[in-house]
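Enquirer: Could you put the whole structure together from the sequences, leaning on the hints where they help?
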Amino acid sequence: MSDLPLYAQAMLRPDFYPEPTTKVELVQTQMSFVFLTDHFAYKTKKAVNLGYLDYSELSGRKALSEKELLLNRRLCDYAYLEVLPIIKNEGGYSLGGCGEVVEYTLKMRRLPEGRMLVNLLSTGSVSSGMLEKLAEKLAIFHQTASTDAEVQKYGNLEAIKYNTEENFEQTGSKVGITVSPQEYARISSFTRSFISKNQTMFNERVNRGKIRDCHGDLHAAHICFMDNICIYDCIEFNDRFRYGDVASEVAFLAMDLDHYGRADLSRQFINSYIKKSGDKDLFKLLRFYKCYRAYIRGKVEGFKLDDPYISEAEKDKYAQKSKNYYHLADFYARSKPTLFITMGFCGCGKSTLAQSLAKISGSVVISSDIVRKGLAGIDCYQHHFEDTDQGIYSPEMTQNTYQAMYAQAEDALKEGYSVILDATFLKEHQRKQAEECARRNNAGFVILEVKLTPELAQKRLEKRLDKPSVSDGRWEVYLKQIKALEPLAVQPNHVIIDSSKSTDKQLSDILEFFKSNQGE
Numbered sequence: 001m002s003d004l005p006l007y008a009q010a011m012l013r014p015d016f017y018p019e020p021t022t023k024v025e026l027v028q029t030q031m032s033f034v035f036l037t038d039h040f041a042y043k044t045k046k047a048v049n050l051g052y053l054d055y056s057e058l059s060g061r062k063a064l065s066e067k068e069l070l071l072n073r074r075l076c077d078y079a080y081l082e083v084l085p086i087i088k089n090e091g092g093y094s095l096g097g098c099g100e101v102v103e104y105t106l107k108m109r110r111l112p113e114g115r116m117l118v119n120l121l122s123t124g125s126v127s128s129g130m131l132e133k134l135a136e137k138l139a140i141f142h143q144t145a146s147t148d149a150e151v152q153k154y155g156n157l158e159a160i161k162y163n164t165e166e167n168f169e170q171t172g173s174k175v176g177i178t179v180s181p182q183e184y185a186r187i188s189s190f191t192r193s194f195i196s197k198n199q200t201m202f203n204e205r206v207n208r209g210k211i212r213d214c215h216g217d218l219h220a221a222h223i224c225f226m227d228n229i230c231i232y233d234c235i236e237f238n239d240r241f242r243y244g245d246v247a248s249e250v251a252f253l254a255m256d257l258d259h260y261g262r263a264d265l266s267r268q269f270i271n272s273y274i275k276k277s278g279d280k281d282l283f284k285l286l287r288f289y290k291c292y293r294a295y296i297r298g299k300v301e302g303f304k305l306d307d308p309y310i311s312e313a314e315k316d317k318y319a320q321k322s323k324n325y326y327h328l329a330d331f332y333a334r335s336k337p338t339l340f341i342t343m344g345f346c347g348c349g350k351s352t353l354a355q356s357l358a359k360i361s362g363s364v365v366i367s368s369d370i371v372r373k374g375l376a377g378i379d380c381y382q383h384h385f386e387d388t389d390q391g392i393y394s395p396e397m398t399q400n401t402y403q404a405m406y407a408q409a410e411d412a413l414k415e416g417y418s419v420i421l422d423a424t425f426l427k428e429h430q431r432k433q434a435e436e437c438a439r440r441n442n443a444g445f446v447i448l449e450v451k452l453t454p455e456l457a458q459k460r461l462e463k464r465l466d467k468p469s470v471s472d473g474r475w476e477v478y479l480k481q482i483k484a485l486e487p488l489a490v491q492p493n494h495v496i497i498d499s500s501k502s503t504d505k506q507l508s509d510i511l512e513f514f515k516s517n518q519g520e
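Going left to right, the sequence shown walks through residues 1 to 520 as the numbering used here numbers them.
In short, the hints are calculated from the structure, not lab data.
A few of these clues could be false.
[Claimed, not checked] Below, in silico cross-link-like pairs of lysine-lysine (DSSO-like), each with a Cα-Cα straight-line distance of 30 Å or less:
| hint | residue 1 | residue 2 |
| --- | --- | --- |
| 1 | Lys-315 | Lys-23 |
| 2 | Lys-480 | Lys-373 |
| 3 | Lys-315 | Lys-336 |
| 4 | Lys-46 | Lys-315 |
| 5 | Lys-315 | Lys-275 |
| 6 | Lys-451 | Lys-463 |
| 7 | Lys-280 | Lys-359 |
[Said to hold, decoys possible] Restraint ranges, calculated between C-beta atoms of paired labels, are given here:
| hint | residue 1 | residue 2 | range |
| --- | --- | --- | --- |
| 8 | Gly-374 | Asp-316 | 36 to 42 Å |
| 9 | Glu-100 | Ser-335 | 55 to 61 Å |
| 10 | Leu-70 | Lys-515 | 45 to 51 Å |
| 11 | Ser-500 | Gly-60 | 25 to 31 Å |
| 12 | Gly-129 | Lys-67 | 31 to 37 Å |
| 13 | Ser-500 | Val-175 | 28 to 34 Å |
| 14 | Val-118 | Gly-91 | 50 to 56 Å |
| 15 | Glu-25 | Leu-488 | 47 to 53 Å |
| 16 | Ile-140 | Ala-376 | 37 to 43 Å |
| 17 | Ala-221 | Leu-479 | 40 to 46 Å |
Yeah, the Cβ is synthetic: ideal placement off N, Cα and C, and Gly gets one too.
Expert: Pasting the structure below:
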């Protein structure tokens with residue numbers, strides 16, 4: 001930590017703080033140091049000028065810290081406490097007191113990590129009711145957020161074009177590193193075309209008062225579900241990033257839910273927000289603003305590669321995050337959604353692939369295991385071991401399961417979402433019905449045939465029996481599935497996935513297929 005500023009080194013000591021703390025943890029962003037004590041967080045701004053923000057002067061850092069305090073109290077009054085000076089004196093550095101002011105820090109209450117939306121998503125603990133409450137809070141905030149002539153000008157075409165073109169200009173150096181040339185070209189082309197074709201709609205949004213002083217950085221890591229939902233860490237350093245169409249803000253969180261592989265929750269959130277706000281035209285802008293927001297997240301994560309305070313190991317992590325957001329933006333930029341179906345025996349890795357693909361494609365995952373048990377009124381994690389032709393695995397129940405999956409897929413495709421049907425699809429008629437579903441909804445259709453050696457599949461199935469799982473697959477089922485398989489003839493929309501490879505390599509193979517065959 002010797003490369004840190006001297007005041008920051010002092011802030012790593014527990015005795016620096018007025019309240020007792022057993023430890024101090026440092027979290028860095030490209031623009032800030034955040035020191036976490038047992039109960040509080042102290043945020044200081046780095047003396048940097050990144051173009052889109054200027055923290056180079058101490059007076060500016062003070063003013064922006066005070067602005068950050070006031071703005072964030074709109075949606076998280078509980079956490080934001082005060083701005084304090086960091087003093088240098090003969091004894092070293094202290095929080096307040098007499099001496100030379102060398103920096104300012106924003107003091108905040110720490111929020112419970114376990115209630116952060118990003119962590120709740122990782123444990124599958126987010127309910128539709130929680131998202132409905134969040135949508136209501138945002139709808140009320142947007143209706144009351146300030147707007148005037150200065151704010152409204154950020155909804156006009158010139159401002160929208162400026163923001164999008166700035167993104168492409170600032171990321172030109174990352175082409176071939178975190179964003180592929182094909183992705184860069186497709187996203188920029190889609191963006192410019194959408195703006196050109198929808199000038200009237202953008203103007204109507206301004207006239208209807210939909211341009212507001214928003215949060216500006218609404219993603220899952222900035223939302224905490226307590227008794228009162230706390231939405232924190234809004235953008236204070238550049239009004240242009242905070243002023244904008246409420247549709248852009250809503251799309252930001254919807255995109256991030258897609259990014260975490262929960263497009264189902266994204267749909268629920270969007271529908272709840274539209275119901276609470278009455279903003280039915282928002283849906284027409286959703287794809288455009290999702291693409292825009294995913295691109296910004298890719299850009300921001302990519303900027304971290306240039307931060308001298310961040311280790312090489314951390315930079316590798318940020319590079320992959322940047323790539324994943326660009327992949328997501330690229331899927332939004334495509335001319336139509338895609339219906340993916342998995343194909344393969346139990347234990348071969350279909351569900352793992354489906355969940356991973358959902359995170360970079362914004363796809364809704366529909367699992368045959370969950371649908372089947374839902375139809376039977378059984379808890380999805382309750383094992384129900386039966387022969388493949390009896391009980392909930394009877395031919396009639398299997399037929400009902402697939403029909404229910406097609407119906408759910410159709411609903412999502414009509415809303416513009418890509419869909420992944422996670423099932424074995426061993427029969428030709430099942431695959432044909434899925435293809436027809438895609439055709440009816442003007443969607444692309446891709447078959448992901450997931451393969452794994454029997455030896456590895458058997459090991460995976462044996463391990464699965466000891467863990468909670470929605471699947472009832474086991475070795476005897478695998479053997480029967482081999483006999484039941486109706487082989488698939490090679491066709492242009494067929495991708496063979498080797499499940500023994502890493503997940504990143506499997507996704508890379510799918511992206512390579514799209515690069516070659518789905519370049520619309």
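Enquirer: Confirm or reject the claim that Ala-221 and Leu-479 have a C-beta distance inside 40 to 46 Å.
Expert: Hint holds: Cβ distance 45 Å, inside 40 to 46 Å.
Enquirer: Would the hint linking Lys-315 and Lys-336 be met if the CA-CA limit is 30 Å?
Expert: Roughly 33 Å between the alpha carbons, so the hint for Lys-315 and Lys-336 is violated.
Enquirer: Is 28 to 34 Å a correct range for the gap between the Cβ atoms of Ser-500 and Val-175?
Expert: holds (32 Å)
Enquirer: Between Glu-100 and Ser-335, does the beta-carbon spacing fit 55 to 61 Å?
Expert: Taking Cβ atoms as reference, Glu-100 and Ser-335 lie about 60 Å apart, which means the hint holds.
Enquirer: Quick check on a hinted range of 31 to 37 Å for Gly-129 and Lys-67, using CB atoms only.
Expert: holds (34 Å)
Enquirer: For the pair supplied as a hint, Lys-280 and Lys-359, is the alpha-carbon distance within the 30 Å limit?
Expert: Holds, at about 26 Å.
Enquirer: Could you see if the CB distance from Gly-374 to Asp-316 stays within 36 to 42 Å?
Expert: Holds, at about 40 Å.
Enquirer: With a cut-off of 30 Å on the C-alpha distance, tell me whether Lys-315 and Lys-23 pass.
Expert: holds (26 Å)
Enquirer: Would you check the hint for Lys-451 and Lys-463, treating anything up to 30 Å between C-alpha atoms as holding?
Expert: Satisfied, since the Cα-Cα distance of roughly 18 Å is no more than 30 Å.
Enquirer: Okay, Ile-140 versus Ala-376 on CB: inside 37 to 43 Å?
Expert: holds (40 Å)
Enquirer: Is it true that the CA of Lys-46 sits at most 30 Å from the CA of Lys-315?
Expert: Judged against 30 Å, a Cα distance of about 18 Å means the pair holds.
Enquirer: Checking one constraint from the list: CA of Lys-480 to CA of Lys-373, max 30 Å. Satisfied?
Expert: Holds. Lys-480 to Lys-373 sits at ~21 Å (cutoff 30 Å).
Hints 3, 5, 11 and 14 from the earlier list are contradicted by this structure; the remaining hints agree with it.
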